[in-house]
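Chemist: Spelled out, the chains give:
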Amino acid sequence: MGRRTRKLISGLLVLGVVGGAAFWWLTKPAPWNASHWEGLGEPDLANGEQVFWAGGCVSCHAKKGAEGDARLVLSGGAPLKSPFGTFHAPNISSDETAGIGGWTLAEFGNAMTRGVGRNGEHLYPSFPYGSYARLTAKDVNDLWGYMKTLPKSAEVAPPHELPFPYNIRMALGGWKLLFLTEKPRVSVDVNDPKLARGQYLVEGPGHCGECHTPRNAIGGFEPDQWLAGAPNPEGEGRIPDITPGSKSIGGWSASDIASYLETGFTPDFDSVGGSMVEVQKNMAKLTPADREAIAAYLKAVPAL
Amino acid sequence: MKIRALMLAAALAGLGVTAVTAADEPQVVRQQAMKKVGAATGALAGIAKGEKPYDAEVVKASLTTISETMKTFPDHFPAGSETGHETEASPKIWENMDDFKAKAAKLGTDAATVLAQLPADQAAVGAALGGIGKDCGSCHESYRLKKN
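Which chain is which? The protein sequence lines are A and B, in order.
Per the working numbering, the first sequence runs over residues 1 to 304.
Per the working numbering, the second sequence runs over residues 1001 to 1148.
Hints may be right or wrong, so weigh each one.
These stretches of chain B come out as covered by chain A in the derived footprint (C-beta under 8 Å, 3 or more residues) [unchecked claim]: (1) 1031-1041; (2) 1105-1115.
Heads up, simulated DSSO-like pairs for lysine-lysine below, C-alpha to C-alpha not over 27 Å straight-line [as the list claims (entries may be wrong)]: (3) B/K1147 / A/K138; (4) A/K81 / B/K1146; (5) A/K194 / A/K138.
None of these hints come from the bench; they were simulated from the model.
Predicted, not measured: the structure shown is a model, and the values here were computed from it.
Beta carbons: idealized from backbone N, C-alpha and C, even for Gly.
Bound-form chain A, shown alone:
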């Protein structure tokens, strides 16, 4: 082996190690500094409950078809089909073993906003931390306080059913590097407090884009297609476009949208359907001002 070849090989080796280290460093789970979750004080439980309904936790984490108080038992297990496999929502009840009752605020907050599990592992973005990343530390603290008041369930949810390579959690670091951001999805006039609130609710806790925005082959949102509608991940049909350019709701006024979120009726008295039924039940629990803020924001996003 000539000196040149040896030099080349060792050079490549160094590059490989450096590259691998760089990839590991860039994509390792990145919780917030501990101080992010400190000094938040006693949680405001009433606000926590509002964040809970805005966040739609029940839709995936309660038993399918649960009504009334049974919706507050977050035992998990519901399947969420996707092109990458079937996810099962975990038990997030206040049970210390089966649920998350034994977690600290920081552990809960880092899962919610950074997609980092209790053991420092990457979580799958089927849990919409890509949206929840926008939650304020105060809202997370209030939500956590409220969730600790909910019932315990000892049920253990089944594990995700994911084929290779989607079962490799480390790869999620690459997904986060490409797609995880707290930046606004579109620009609206944030000097208008109503629009700013609507943007927070839709892009953050409401996580509307998770279904209403189309994704690329590796599960990131298609650029410039915010809320433009997408194939239904559960099978046939489509999740509708909800921008002002929508064929189905583009003609609705802001008050039509707010009223739909409150009552489940469209302006021509068709009703809510599909997975939006569960979402609307949650939206009905928000304040009228918050539903109006959501509506105002949806009228202000780019028409697609």
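Position chain B against the provided structure of chain A, taking the given hints into account.
Modeler: Below, chain B alone, put in the same frame as chain A:
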């Protein structure tokens, strides 16, 4: 002369047949039925929201429309009508026909129950509408597909 008249008659009959056929297609019949229920629900909602004054006759007529329409609604889903005419019916209807029928029947009987004790004011109409809306949503959740 005679032939022309015959041809004209045949052409007219043909037109007639086409028109009847389109309106008779189960996909179209059930869409019309849903529109009727929607219009009746809208009339109730107008009162519940206070946009229209309370009118016992309107309430009675609307509830009757809903309960009567739902009696025959599931009959308009025969085999072979799974697609076409921009149907939003989910294939799950044919997989779970009994559950689908039960859900349709529930709306019909719920409307009939309200009718039997006619809501006497705006607030009572609102309360009744809440229950009816839930029936709409619980069926549309599983059995209607949005296509756009």
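Chemist: Now tell me, hint by hint, if it's right for this structure.
Modeler: How the hints compare with the structure:
1. 1031-1041: holds (count 4)
2. 1105-1115: violated (count 0)
3. B/K1147 / A/K138: With Cα atoms ~39 Å apart, B/K1147 and A/K138 exceed 27 Å; violated.
4. A/K81 / B/K1146: Given that 27 Å is the threshold and the Cα spacing comes to 18 Å, the pair holds.
5. A/K194 / A/K138: holds (19 Å)
This entry does not satisfy hints 2 and 3, going by the numbered hints stated previously.
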